[in-house]
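S.K.: From just these sequences and the hints, can you work out the full model?
Top line first, the protein sequences correspond to chains A and B. Mapped onto the numbering used here, the consecutive letters of the first sequence carry residue numbers 1 to 375. Mapped onto the numbering used here, the consecutive letters of the second sequence carry residue numbers 1 to 313.
Hints are computed from structural coordinates only; laboratory data are not their basis. No false leads were mixed into what you were given.
Counterexamples of contact, computed for chain B against chain A with all Cβ distances above 12 Å: (1) TYR65; (2) VAL66; (3) PRO96; (4) PHE127.
A short, non-exhaustive set of chain A residues, derived as facing chain B with CB atoms under 8 Å: (5) PRO98; (6) PHE100; (7) ALA181; (8) LEU185; (9) ALA188; (10) LEU229; (11) ALA230.
For every residue, glycine included, the Cβ atom is placed at its ideal position computed from N, Cα and C.
Each chain is listed here by its residues.
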Amino acid sequence: MLLATVFSGPLGRYDPLKPDYSARYAPISAEHPLGTDGLGRDVLARSLAGGKVSLVVALSATALTMLLGCSLGVMAAGIGGVADTVLSRFFDALLAFPGFLLILLAVAVLGGGSAQTVMAMGIAGSPLYFRLARSFARSELRSEYVTAARALGASRSRQMLRHAVPNFVGSLAVQGASTAAAFLLVEASLSYLGLGVALPTPSWGNVLQDARSFLTRQPWAAVGPGLFLATASLSFQFISDGLRDVLDRRGLPALRVRAPSERAIIVRMWIWSLDDRLINVDLVESIELLEVYADGADPVQLEAGAVEPEVFELVAVMASGQETLLFDTEDVEVAYKAYESLADLVARGTTANGVPITKPISIIELIDTDMRTQN
Amino acid sequence: MTRYLLGQLVSLVLTLWVVLTLVFLAVRALPGDAATIMGGIDSSAESIAEMRRSLGLAATLSDQYVSFVGDLVQGDLGDSIRERRPVTAVLLDRLPVTLTLAAMAFVISIVFGLALGLAAGLRPGGFFDRLTTGFATVALSLPEFWFGFILILVFAVQLGWFPVLGLPPTGLSLRSSWHMLLPAVTLAIPRAAQLARLGRARVLEERSSDYVRTARSKGLSAGRIGRHIASNALPGIVPLLALELGGLLTGTIVVEQVFGLPGLGATLLGGISARDYPVVQGVTILAVVIYVGVNWLADVTQLIADPRLRAPA
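M.R.: Right, here's the structure in full:
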């Protein structure tokens with residue numbers, strides 16, 4: 001399918017832009033496999049050419065979003081401090097908008113057109129990547145090999161770029177394919193509303209817009225682009241799933257150190273799982289989902305306030321649902337406890353101290369689908 | 001717990017404030033000048049200037065901002081430039097349509113989506129399950145409005161059961177709900193698909209838990225177990241319904257356009273094309289307030305509903 005759209009220029013027998021008034025609303029035939037539209041333009045040709053435009057827009061928007069979000073996220077993780085807080089708050093505010101509305105307004109502000117659409121989508125999608133990149137980066141920065149690099153005298157940026165980043169690029173790619181699928185649909189909606197790609201340049205969205213006006217006379221004009229859209233979107237999702245599988249198999253070993261402890265430890269975690277259980281930071285913040293008591297700490301005592309618990313906040317990245325990739329803590333006991341509770345979570349749905357958990361569902365997945373389905 | 005809720009409330013207000021400021025700036029940044037549009041191309045420079053003054057556009061940006069906030073606090077959203085009446089009135093006019101649409105879609109999506117999802121989860125890997133999952137995936141890969149087309153084609157054109165566009169001239173009424181059924185279904189499909197996936201996931205989780213094993217070993221019938229599973233699976237979905245609402249909200253923009261319904265979405269689009277700042281602002285503010293509020297409500301409800309989640313420390 002990709003090939004068809006890329007080469008749709010030379011392939012098309014009919015110029016997707018030139019009207020042919022003698023052949024208006026022609027039904028499906030061998031000559032016009034999908035019929036013609038109101039101006040006599042071949043629907044198939046327009047669909048193919050539109051595909052080129054739509055795909056370009058969606059892909060460049062994805063690239064932009066990832067670039068923007070990830071670079072800022074990595075920077076925020078590396079620099080920390082005020083810059084980090086400011087950036088985080090800013091992106092949180094962006095996230096307060098329903099996604100599609102944000103994009104709609106952004107496109108309206110920038111004026112319609114393909115370039116503006118790409119920019120708008122790029123901005124709207126970046127908070128997600130900011131968060132992901134930031135938490136990955138923070139988590140990686142605490143790990144052993146980065147510390148080793150630092151001990152060897154590597155500068156901060158070198159540590160980050162050469163050592164930390166390559167480890168999570170793959171996971172980001174998984175998310176990226178998913179976002180591409182979503183953007184495709186968003187672009188379709190925007191163009192349908194007339195705010196995206198401008199006529200007469202076709203894109204799947206505005207071909208559908210055209211089709212709306214003569215829906216009753218030429219139903220196939222709508223079906224064509226729709227099917228193309230679905231295929232493209234599905235392909236991206238499959239790519240995303242496929243990438244995830246590949247990454248999973250490479251999964252890193254879990255922490256296996258077992259340390260008995262007298263400390264009362266409470267661990268709050270941000271968890272990213274390649275198993276499509278990306279758990280929203282906010283959700284975890286507002287509902288302390290995982291409370292882990294180390295051995296030796298009596299829950300009753302804790303309740304009564306007799307023992308002062310130590311609270312740790314970690315980022316944990318999971319793969320294949322059973323093993324942890326990384327915790328951003330150097331405290332082995334804490335890490336062990338966190339791992340144990342994660343294993344609990346996966347296996348039984350309860351924490352070590354018997355509190356059943358309603359397993360939170362991926363909010364990021366929802367945000368993604370949100371953008372996809374909000375058109 | 002109260003302190004926590006208060007803290008949430010504060011951050012809610014702060015977020016709203018930031019968001020509103022962004023809306024203010026964004027709307028002012030829309031290209032095109034309302035005064036020129038209203039005055040017409042031929043009007044003289046003086047009449048345009050006059051118009052700008054009367055529309056409040058002549059003041060400096062910071063002055064405008066101050067009056068914006070002041071008005072907002074009093075609940076005044078300004079006057080629509082195109083229709084020359086208060087934005088609040090315009091919004092109230094169109095709100096019922098959108099609300100009815102959203103409500104219908106919400107109900108439909110919950111009833112069908114959850115039912116399908118739960119049923120699919122109870123017999124994983126079965127034919128029904130694969131059918132549902134497949135349907136859900138496909139449904140989420142298609143643009144929302146495309147379903148609208150299909151529905152229109154099949155039900156309105158071929159079968160003639162439904163009218164193709166708009167509401168009956170008498171406005172909202174019982175008969176109009178019939179008109180709104182197709183758009184509501186269109187709006188509902190992606191949410192239903194998402195809910196089906198979620199419901200199925202929740203049921204699958206529950207199935208592997210202890211009490212299910214116990215129940216099965218006790219010899220309970222599949223139906224009874226199913227009911228237990230379902231009632232335990234549901235609470236976990238509540239906060240996500242809030243996000244569904246968000247999607248519903250923005251979905252109405254396009255769906256109203258497809259079906260020609262005079263609701264808030266159409267108002268927003270009309271406002272954008274006419275450079276009617278106050279209207280665009282008003283609709284956006286309303287949408288954002290609803291969205292943020294609903295999310296906050298979802299958080300709070302989950303806290304209240306599940307006391308286990310109220311953490312010490």
